[in-house]
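Colleague: Those sequence lines, one after another, are chains A and B. Just so we're aligned: 75 in the numbering used here is position 75 of the first sequence, and the numbers increase by one with no gaps anywhere. Just so we're aligned: 2 in the numbering used here is position 2 of the second sequence, and the numbers increase by one with no gaps anywhere.
It is worth saying that the hints were derived from the structure and are not from the lab. We treat Cβ as the ideally placed atom computed from N, Cα and C, and that holds for glycine. Mixed in with the good hints there might be a few duds.
Using 30 Å as the maximum straight-line C-alpha spacing, the simulated DSBU-like pairs for lysine-lysine come out as follows [stated by the list, open to error]:
(1) Lys-128(A) / Lys-81(A)
(2) Lys-48(A) / Lys-128(B)
(3) Lys-197(B) / Lys-128(A)
Covered, in the sense of this in silico footprint (three residues per stretch, anywhere, with C-beta under 8 Å from a C-beta of chain B), are these stretches of chain A [claimed, not checked]:
(4) 78-86
(5) 121-128
(6) 139-148
Letter by letter, the chains look like this.
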Amino acid sequence: MAEINTSEGGKGGKKRSKKVSTKVDMTPMVDLAFLLITFFMLATTLTKQQKFDFGVPPDVKDPSQQPELKASNAITLILGKDDKVYWYVMNQDGSTDFHTTDFSEEGIHKTLLDKKKALGNNLNVVIKPMKESKYKNLVDIVDELAILGIGKQALVDITPNDIKLVQAENASLKN
Amino acid sequence: MSKVKAKKQSISLDMTAMCDMAFLLLTFFILTAKMKVPEPAQFDVPSSISPEIYDEHNVIRISISNYNRIFLTIPDQKLRREMIDVYAKNFNVPMTERQKMTFELTETFGMQRSDLLIYLNQTDDVRKKIIQMGIPADSTNNELEEWLATAVASRPGLNIAIKGDKNSNYEKFGEVVAALKSRRIYKFSLVTNLEAKPSNI
Numbered sequence: 001m002a003e004i005n006t007s008e009g010g011k012g013g014k015k016r017s018k019k020v021s022t023k024v025d026m027t028p029m030v031d032l033a034f035l036l037i038t039f040f041m042l043a044t045t046l047t048k049q050q051k052f053d054f055g056v057p058p059d060v061k062d063p064s065q066q067p068e069l070k071a072s073n074a075i076t077l078i079l080g081k082d083d084k085v086y087w088y089v090m091n092q093d094g095s096t097d098f099h100t101t102d103f104s105e106e107g108i109h110k111t112l113l114d115k116k117k118a119l120g121n122n123l124n125v126v127i128k129p130m131k132e133s134k135y136k137n138l139v140d141i142v143d144e145l146a147i148l149g150i151g152k153q154a155l156v157d158i159t160p161n162d163i164k165l166v167q168a169e170n171a172s173l174k175n
Numbered sequence: 001m002s003k004v005k006a007k008k009q010s011i012s013l014d015m016t017a018m019c020d021m022a023f024l025l026l027t028f029f030i031l032t033a034k035m036k037v038p039e040p041a042q043f044d045v046p047s048s049i050s051p052e053i054y055d056e057h058n059v060i061r062i063s064i065s066n067y068n069r070i071f072l073t074i075p076d077q078k079l080r081r082e083m084i085d086v087y088a089k090n091f092n093v094p095m096t097e098r099q100k101m102t103f104e105l106t107e108t109f110g111m112q113r114s115d116l117l118i119y120l121n122q123t124d125d126v127r128k129k130i131i132q133m134g135i136p137a138d139s140t141n142n143e144l145e146e147w148l149a150t151a152v153a154s155r156p157g158l159n160i161a162i163k164g165d166k167n168s169n170y171e172k173f174g175e176v177v178a179a180l181k182s183r184r185i186y187k188f189s190l191v192t193n194l195e196a197k198p199s200n201i
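Bound conformation, chain B alone:
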């Protein structure tokens, strides 16, 4: 049989279609992905069976870190601008335009007002290194309440989410709830990870 030639098959396949599809999907995922901003502290949230997805639309988030420090996250940049304007006006805080601009770009912060004003004057590199001590929320100096008042004044109907670290003390959560209560906010969401519902019920 001299027809061995027939066995020779081309092994190069046309990958154009696959490549097209791969890049289409890649583009989709890149565009839909939201860049995760590095957070100033660690928040390892507890798990619950609630299937509701937490999305950050029209939300401000109060986070409690594992060292019991309170942080405030305002995901919406426009709201940050509105809030800092209202805050400076309502509480007579002298702020330069540069400080306000920097605040507009700060998604999460956790420090008292005097520290915040210094923090906002620093350059990007210095700011990253500053250790944030948390927003005070105790009865002597309740700045969290001031921020909540500002948020409610700037945008009524805003949802509040609390994201607490598993090992943060209840005491801090109690302080946050007390601050919310004093602003007449009785409903809020707790951020959790998903956990399978036990099947033996």
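Chain A with its partners taken away, still in its complex shape:
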């Protein structure tokens, strides 16, 4: 207690004159203390960041050691400029049907969901970001795969052939 009990019972009434109030008004101090607490609480908890683990396949020098992938089970996503996503599935005869979509709910999310329903755990996702795409696009795609529970994914460098396909698609969209 901050107040010291200076009353000394009944006897010795002459000492009364010495009584000095020792009460301190602590309101400003408490105000300040709580202000600082609030500041430190917010400053410490709000800067916490999350992480997720990410793996890349080692480069394979010898093409014959490349693990065989059943083409019809693999969907290739090309991340392009201006938050665009291109995707295709290789057909048996080597031809592809090329699609353009985006990051909206009806876009790549729906595509991946449909593929997952159709193929289940056999689905492989190959991610090929173009040089012009943003880092955010990659994180969004990987996050989308995590949300859908698709574990089989690979980050692969873009090939000149893919760039040609994207350019052809862009040209056909303009016409």
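Once you've looked at the hints, dock chain B against the given chain A.
Modeller: Leaving out everything else, chain B in the frame of chain A:
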């Protein structure tokens, strides 16, 4: 009724207990808070649903700023000392003890070696004003790879985190991944902000 006196109540309350508690909490938060060192560039990270907390224990972090510059952060001061010793020795970089001391106190840096040596000779005030152009990681001058080699040599089993700005180009991230691959590091963490998982799945 002459007993109006009874209504008189003391409105001063004893705040000692509250004050004690407030200062206890304050002390706790001050001691646990980690001072945020001002970073030389802006890193606005993308968000993901991953709930894993990122902590900087036993980690070195490669950051990509919004201007596509690569920075290296070594949060552990002891590791910084070990790394600069190994770096100077392995790559035959002549460094004075003063430069090494300054490096030990530099948590984040992002510049090529020649600039770094000049940077470390400056005083604190001058250093704050220097604009850092990023660590080169392209095929002609891959200094990031040298730093990674140094880090792995100084402390095997170190975790690598990549913190990229939302709007940095993928090209830079590709360079970082290529440098990691060349040091046979295939697993790393990406730093993100937390985002709520969509409920309609």
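Colleague: Given that the stretch 78-86 of chain A was listed as covered by chain B, double-check it with a C-beta distance under 8 Å for 3 or more residues.
Modeller: Coverage by chain B is violated here, the residue count being 1 at a Cβ distance below 8 Å.
Colleague: What's the verdict on Lys-197(B) and Lys-128(A), does the C-alpha distance respect the 30 Å limit or exceed it?
Modeller: 25 Å, holds
Colleague: Run the distance test for Lys-48(A) versus Lys-128(B): straight-line Cα separation, threshold 30 Å.
Modeller: OK: Lys-48(A) and Lys-128(B) at ~25 Å, within 30 Å.
Colleague: With a Cβ-Cβ cutoff of 8 Å, does the stretch 139-148 of chain A contain at least three residues near chain B?
Modeller: This one holds; 7 residues, not fewer than the three required, reach chain B with a Cβ under 8 Å.
Colleague: Does the alpha-carbon distance linking Lys-128(A) and Lys-81(A) stay inside the 30 Å limit?
Modeller: Given that 30 Å is the threshold and the Cα spacing comes to 12 Å, the pair holds.
Colleague: Closer than 8 Å, Cβ to Cβ, for at least three residues: run that test on the stretch 121-128 of chain A against chain B and report holds or violated.
Modeller: Since 0 is below three, the answer is violated.
Hint compliance for this structure: hints 4, 5 are not met, and every other hint is.
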